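With chain A fixed as given, assemble chain B onto it according to the hints.
Listed below, chain by chain, are the residues.
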Amino acid sequence: MPILPQVFAELEPFADWVLPSERDRFAKRLASSMDELQAFYDAAFPRLEDGVEYLKGVPIEGIAEQDRNLLWLFSSLVTVSFPVEVWRQPRVPDSGASSIDVVVEPVP
Amino acid sequence: MAHFTKPAEGSWTEHFGLATEPVVYDDSTSPEFYELERDAIFRRTWLNVGRVEQLPRKGSYFTKELDAARTAVLVVRDMDDEVRSYHNMCRHRGNKLVWQDYPREETQGVCRQFTCKYHGWRYDLQGNLTFVQQEDEFFNLDKSNFGLAPVRTDVWEGFVFVTLDPDAPPLREYMGRLGAGIEGYPFHLMTQKHTYRAEVGSNWKLFIDAFVEFYHAPVLHAKQATEEESRKLQSFGYEALAYDIDGPHAMVSSWGGMSPPKDLGMVKPIDRVLRSGLFGPWDAPDIGALPSGLNPSGHPAWGLDSYLFFPNFMILIWKPNWYLTYHYWPTSHHTHVFETSLYFVPPANAYERLEQELAVVTFKEFGLQDGNTLEATQMMIETGAVREFPLCDQEVMLRHLHRTCRQYVADHQGGPTRTTVRVSAAS
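Listed in order, the protein sequences are those of chains A and B. Residues in the first sequence are numbered from 1 upward in steps of one, following this note's numbering. Residues in the second sequence are numbered from 1001 upward in steps of one, following this note's numbering.
Among the clues, some could well be false.
Heads up, incomplete: computed chain A residues facing chain B, CB under 7 Å, no partners named [stated by the list, open to error]:
hint, residue
1, L48
2, K56
3, L71
4, S95
5, I100
6, E105
These are computed hints drawn from the structure, not numbers from a lab. No experiment lies behind these values; they were computed from the predicted model shown. Every residue, glycine too, gets a C-beta built ideally from N, C-alpha and C.
So that you can see chain A by itself, here it is in the shape it has in the complex (with noise of 0.2 Å):
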């Protein structure tokens, strides 16, 4: 049973980026590498405006589970966009030790 919508079948290499919490994405991001980081943005990123024109016709009350997956895959593409597009590293520059985490998120 595929992860992700048919549509988007290339992308299931990178099921492991299908993280319901922003806290798991987040944590993600910091356990991996530029070079894997990177690897996921580049499959990915080419995909979203499809991804956003998908998603624009997928109401979010009764959400089916493979659209919910294409969302959690997307959100991960958020979060890494910015060590990618930015950062260059997948910690926030100057952030130290500091940490803020989430403790109230929308499910989906």
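Here is chain B on its own, set in the frame of chain A:
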């Protein structure tokens, strides 16, 4: 060069009658001063502890740690739909009444009555003691004398506040002119909530300082914009559209024309595709007319208004029709818990959910930079090597905050009875 009009006095600081000398920051390094603040400020003002949406039904409750005010409260919607609060404490031998696993962690839920874990004493939602284990072992125990200790509670625009001061003015009066100016904003429509929490190694006021001036933004957050944009922002510097002060409260009205930006090259590639970013989703939901207090200068480049309701509650209302709150809960003179909640109109579809996610995560990235800078500041001001710091006109809200804190402490030290209380007692 001034890009926006300043008041006739030539500066906001002088306009509000504030001194322009450097400010002494001992109020942020002294353990003794913090102890005074707890009684003079945190036990005397209205504190926002949450929103009514956290109490969706009869019997819904949540707990809130108020270390600075030397207590913890239990907030509940009772069977008459009234929001009430109590000190979160059993009347038998003082055990914390409602908690899960860890007594210092906040919790929430729905119940018909509260039962103490220790000896099974029970209270109804109105706080009445309804059951005592082995009641006949006690000596003439009149249960009506042992209800939960109430805490004064009121609701303003869906925000639940408590105060430990029985003589505090009514909440709506306390919120003053700035509060009145945003009454009617559809906070109740923005129920999609993301909350973040951080333990920060600085005095609570230092983080407020960081968030009531945008003078730092073009420098500290330079790397978040594209390089060219960043250079441009730094050369312009920062000026607010307007400031306002009313009693202990203050606000800043700011431009923020990045939703959507004039030039798409100014923002990150993912912002362009998702049409969202630091300033929120670019396509604002329709929420009807805005209250008259917003965008006081009426400037077309208006982007957000940021309010500090003394002592520790901020509301930021953004032009693309969403808002966020900041709370700073002191735990010592040089530590505090920072909480931020971002509120949106619930997304209709999965794309809107993703747009909101980008706005939320962008905020977190900024917050991480801010948080660490604060530790660096606290560390150095605690050395006492330098005690006085010059504040510019764009830092007028910091000046007002520190002065207000010193005033509350001085008033409190002047005696427990305030003029207003004396007057009512004499009449």
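Right, here's what the structure says about each hint:
The restraint placing L48 (chain A) at the interface with chain B holds, with a minimum CB-CB distance near 5 Å, inside the 7 Å limit. Below 7 Å, beta-carbon pairs count as interface contacts, and K56 (chain A) has one with chain B at about 4 Å; its hint therefore holds. Interface hint at L71 (chain A): satisfied, since its Cβ lies 5 Å from the closest Cβ of chain B, which is below the 7 Å cut-off. Taking 7 Å as the C-beta contact cut-off toward chain B, the hint placing S95 (chain A) at the interface holds, the least distance being around 4 Å.
With a least beta-carbon distance of about 4 Å to chain B, the hint placing I100 (chain A) at the interface is held under the 7 Å criterion. Given the 7 Å rule on beta carbons, the hint for E105 (chain A) holds: about 5 Å separates it from the nearest Cβ of chain B.
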